[in-house]
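J.: Required output: the full structure, derived from the provided sequences and hints.
Going down the list, the sequences are from chains A and B.
Take the first sequence: its letter number 33 is residue 33 in the numbering used here, and every next letter is one higher.
Every position in the second sequence, counted from 1, becomes a number in the numbering used here once 1000 is added.
Check each hint, because a few of them may be wrong.
Stated by the list, open to error - With the C-beta cut set under 10 Å, the calculated list includes, among others, these residues of chain A facing chain B:
no., residue
1, Gly16
2, Arg26
3, Asn30
4, Ser33
5, Leu35
6, Ile37
7, Gly40
8, Glu41
9, Ala44
10, Ala47
11, Ala50
12, Glu53
13, Val60
14, Ile61
15, Ser62
Think of the hints as simulated: they come from the structure by calculation, not from any bench.
Keep in mind it's a predicted model, so treat the numbers as computed, not measured.
All residues carry an ideal CB built from backbone N, CA and C; glycine is no exception.
Residue strings, one per chain:
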Amino acid sequence: MNVLLRNPRREIEIDGPITVVNLLSRLDLNRESVLVIRDGELVAGDATLADSESIEIRPVISGGHR
Amino acid sequence: MKCVTCRGPAVIDIRRHNANFCAEHFLEQCRRQVAKAIDEFDMIRPGDRVLVAVSGGKDSLALWDLLRELGYDADGLYVGLGIGEYSETSGGYARRFATEHDLTLLEVDLRDTYGYDIPTGSRAARRAPCSACGLTKRHLFDAAALDGGYDVLVTGHNLDDEAAVLFGNTLHWQTEYLGRQLPVLPARDDFPKKAKPLVRLTERETAAYCIVKGIDYLVDECPMAAGNKHLVYKAALNDIERASPGAKHAFYFGFLARASERFAEEAEEDRGDLHACPTCGAPTTADTCAFCRLVEKAGGSLGTSVAVSLGRRNSQVVS
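T.: Structure (structure tokens):
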């Protein structure tokens, strides 16, 4: 599947099917720091992502000293 | 995963609440948490006129939307910081949200009004960009809230922001800062009342709120924030949160309940002898306030007040 990552913006290919939790674990990403989006909608941690899908992993940590 | 409320398919898990939510009940949960914070800390009273500091990012747009949903009368204030394409894009998100929801957005452009921007100003004044930016925004938000006659100025600081600041202040035992790290500060000494209604939501939740509500926001990080210590503190706290869900909430709300009062005296002493800045009139303990010193070092001009730069106050609808 095609996975869009941000900050910096880049795209990578990951073999599916794979659950959201396992995808984040494979990419060494903390679940507290990102959201997974499919077709504009949030995807829960136990959802299975198919090999043909396009996914965005969006970071949620932002800001300097506000 | 099933929604804790309706048993329908969940879209998000919130481990610190040991609960999953569908889209509808997640939005309800966010409204409930913000209403609880407002009520618990007496942030906004019925009939108050509210000014929201809006950046175009997820937190400020989620906050503005949540206040609207909860029935508050809230205008927005956007400050154009002159950080190249980043500022142009962020302003676009703020304006679009205001237009789509028929809300009033006030704007101050730093370069047009004060003759400097954050990249050049921070270099000239030899301040870290985030420091110059924070100082500038605090001054302009305060001035706009007072000039516009607003009852309370609200900002999009969330639980992660507050936990990270607390972590940094504790790490360096900055006790005078610990004494005033509160979710609401009353109006006093010519400062407006300030409140942080998102303190019961993490930034993962404010981002999720925007996605579920279809609120378009600026995802890209500010190019000048790279290397900022608060981002490091946030990452460290999220590592702890992953191993111990609820740790950030316990850290911050435990501090408020059991420790913050212990530092109140030092915070009061640190306020020193406040008087009006001879240049701009803002309260300061120095001969000239930090904002005016920054403007001077940055080669800017103090000829225009925030009220004047906003034109006829409260009437500038950006559409």
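J.: Indicate, hint by hint, whether the structure satisfies it.
T.: For each hint, the structure was consulted:
Using the Cβ-Cβ criterion of 10 Å, the hint placing Gly16 of chain A at the interface with chain B is not satisfied: the shortest such distance is roughly 19 Å. Evaluation of the Arg26 of chain A hint against chain B yields a violated restraint, the C-beta minimum of about 16 Å exceeding 10 Å. Look at Asn30 of chain A: its Cβ gets to within about 5 Å of chain B, closer than 10 Å, so that hint holds up. Because the beta carbon of Ser33 of chain A sits about 5 Å from the nearest beta carbon in chain B, less than 10 Å, this interface hint is met.
The criterion of a C-beta within 10 Å of any C-beta in chain B is met by Leu35 of chain A, whose closest approach is roughly 6 Å, and the hint holds. For Ile37 of chain A, the suggested interface contact is upheld, since its CB lies about 6 Å from the closest CB of chain B, less than 10 Å. Because the closest C-beta pair between Gly40 of chain A and chain B is about 8 Å apart, less than 10 Å, the hint holds. With a cut of 10 Å, the hint placing Glu41 of chain A at the interface with chain B holds, because the nearest CB-to-CB distance is about 7 Å.
The restraint placing Ala44 of chain A at the interface with chain B holds, with a minimum CB-CB distance near 5 Å, inside the 10 Å limit. Interface restraint check for Ala47 of chain A: the shortest CB-CB distance to chain B comes to about 8 Å, inside 10 Å, so the restraint holds. Residue-level restraint check for Ala50 of chain A is violated (minimum Cβ-Cβ distance to chain B is 17 Å; threshold 10 Å). Taking 10 Å as the C-beta cut-off, the interface hint given for Glu53 of chain A is violated, the closest approach to chain B being about 16 Å.
With its C-beta approaching chain B no nearer than about 4 Å, Val60 of chain A sits inside the 10 Å limit, and its interface hint holds. Interface restraint check: Ile61 of chain A against chain B, minimum CB-CB distance 5 Å, threshold 10 Å, status holds. Hint status for Ser62 of chain A: holds, given a least beta-carbon distance of 6 Å to chain B, under 10 Å.
Going down the numbered hints, you'll see the structure goes against 1, 2, 11 and 12, while the others check out.
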